[in-house]
Amino acid sequence: AQTVTQSQPEMSVQEAETVTLSCTYDTSESDYYLFWYKQPPSRQMILVIRQEAYKQQNATENRFSVNFQKAAKSFSLKISDSQLGDAAMYFCAYRSRWAGGTSYGKLTFGQGTILTVHP
Amino acid sequence: KAGVTQTPRYLIKTRGQQVTLSCSPISGHRSVSWYQQTPGQGLQFLFEYFSETQRNKGNFPGRFSGRQFSNSRSEMNVSTLELGDSALYLCASSETENTEAFFGQGTRLTVV
Chain G
3 AQTVTQSQPE MSVQEAETVT LSCTYDTSES DYYLFWYKQP PSRQMILVIR
53 QEAYKQQNAT ENRFSVNFQK AAKSFSLKIS DSQLGDAAMY FCAYRSRWAG
103 GTSYGKLTFG QGTILTVHP
Chain W
28 KAGVTQTPRY LIKTRGQQVT LSCSPISGHR SVSWYQQTPG QGLQFLFEYF
78 SETQRNKGNF PGRFSGRQFS NSRSEMNVST LELGDSALYL CASSETENTE
128 AFFGQGTRLT VV
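These protein sequence lines are chains G and W, in that order. For the first sequence, my numbering puts the final residue at 121, and the numbers step up evenly by one. For the second sequence, my numbering puts the final residue at 139, and the numbers step up evenly by one.
Chain G extracted, bound-state conformation (with noise of 0.2 Å):
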């Protein structure tokens, strides 16, 4: 089975600042995504940013990027100029794309990480 590890609860960044957050995740499928969910106080799970396992550029949507590194599988999440806006819970999530796992079809998610960010 899959598993998805935030090991930072809590980071805390200034506004226009950069902030980095940390994801490792464990699966000896080659063939998934992993995606970046922000869940702001109003609780709607609002997809960040996704990256294909066999895709080695690291993907990048506006001031979000990630840094895949497959072979460590590790998944980070770069925010630049950070605005008070990007406060909150953000979910690293991993999807298999294989037909024939146990996991086809589900989201499997880390713990969260609580992001504070001060004006």
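If you are wondering where the hints come from, they were derived from the structure by calculation, not from laboratory data. Just so you know, not all the hints are guaranteed correct.
What the hints assert, rightly or not - Label-pair distances were calculated between CB atoms; the ranges are: (1) G:64 - W:66: 24 to 32 Å; (2) G:45 - W:87: 19 to 27 Å; (3) G:59 - W:111: 38 to 46 Å; (4) G:71 - W:40: 39 to 47 Å; (5) W:135 - G:63: 24 to 32 Å; (6) W:126 - G:3: 18 to 26 Å; (7) W:49 - G:30: 33 to 41 Å; (8) W:85 - G:100: 14 to 22 Å.
Claimed, not checked - Here chain W is said to cover these stretches of chain G; the calculated rule only asks that three of the stretch's residues, wherever they fall, bring their Cβ under 8 Å from a Cβ of chain W: (9) 31-44; (10) 47-53; (11) 98-109.
The structure presented is a predicted model; accordingly, all values stated were derived computationally and were not measured. Glycine residues also receive a C-beta, built at the ideal position from the N, C-alpha and C atoms.
Once you've looked at the hints, dock chain W against the given chain G.
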């Protein structure tokens, strides 16, 4: 395109009752998955449906069940509610079972 819609947003039920939650996925999406979120256990997978078939199920008791209709809308049912079932229930839809998932706003269930 409209997003994922979950109804109701809030529910208060008494122990022993049953409850049905509804999820309407994004148009064209055929996969719907459900998650329970609690402070203690985090986000846990309940089940996933694709084209009206349950394709995967999490480690929850049989009191938790679900179904998906031909229009991809999904419902989950919890019977004989327990205090521990109090949680935020999130529904996610995706085009297929292995693509990115988009979430609804959730249903906050409180069991008293």
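| field | Beta-carbon spacing of residue 59 of chain G to residue 111 of chain W - inside the hinted bounds 38 to 46 Å or not | value | holds, 44 Å
| Per-stretch coverage check for the region 98-109 of chain G, three Cβ contacts closer than 8 Å to chain W | holds (count 10)
| query | Between residue 85 of chain W and residue 100 of chain G, does the beta-carbon spacing fit 14 to 22 Å? | reply | This hint holds: roughly 18 Å between Cβ atoms.
| If you check the beta carbons of residue 64 of chain G and residue 66 of chain W, does the distance land in 24 to 32 Å? | holds, 31 Å
| C-beta pair residue 71 of chain G, residue 40 of chain W: status relative to the range 39 to 47 Å that was hinted | holds, 45 Å
| said: Tell me whether the statement that chain W covers the region 31-44 of chain G is true, taking a Cβ distance below 8 Å and needing three residues at minimum. | reply: Result for this restraint: holds, n = 4.
| Coverage assertion for the region 47-53 of chain G with respect to chain W, Cβ distance below 8 Å, three residues required | holds (count 4)
| Cβ distance range 24 to 32 Å for residue 135 of chain W and residue 63 of chain G, holds or violated | For residue 63 of chain G against residue 135 of chain W, whose Cβ atoms are near 29 Å apart, the range 24 to 32 Å holds.
| task | Confirm or reject the claim that residue 126 of chain W and residue 3 of chain G have a C-beta distance inside 18 to 26 Å. | result | Given a distance of about 21 Å, which is inside 18 to 26 Å, the answer is holds.
| field | residue 30 of chain G and residue 49 of chain W - C-beta distance against the hinted 33 to 41 Å | value | At roughly 36 Å between Cβ atoms, residue 30 of chain G and residue 49 of chain W fall inside 33 to 41 Å, so the hint holds.
| task | Starting from the range 19 to 27 Å, see whether the pair residue 45 of chain G and residue 87 of chain W falls in it by beta-carbon distance. | result | holds, 21 Å
Going down the numbered hints, you'll see the structure goes against none, and every one checks out.
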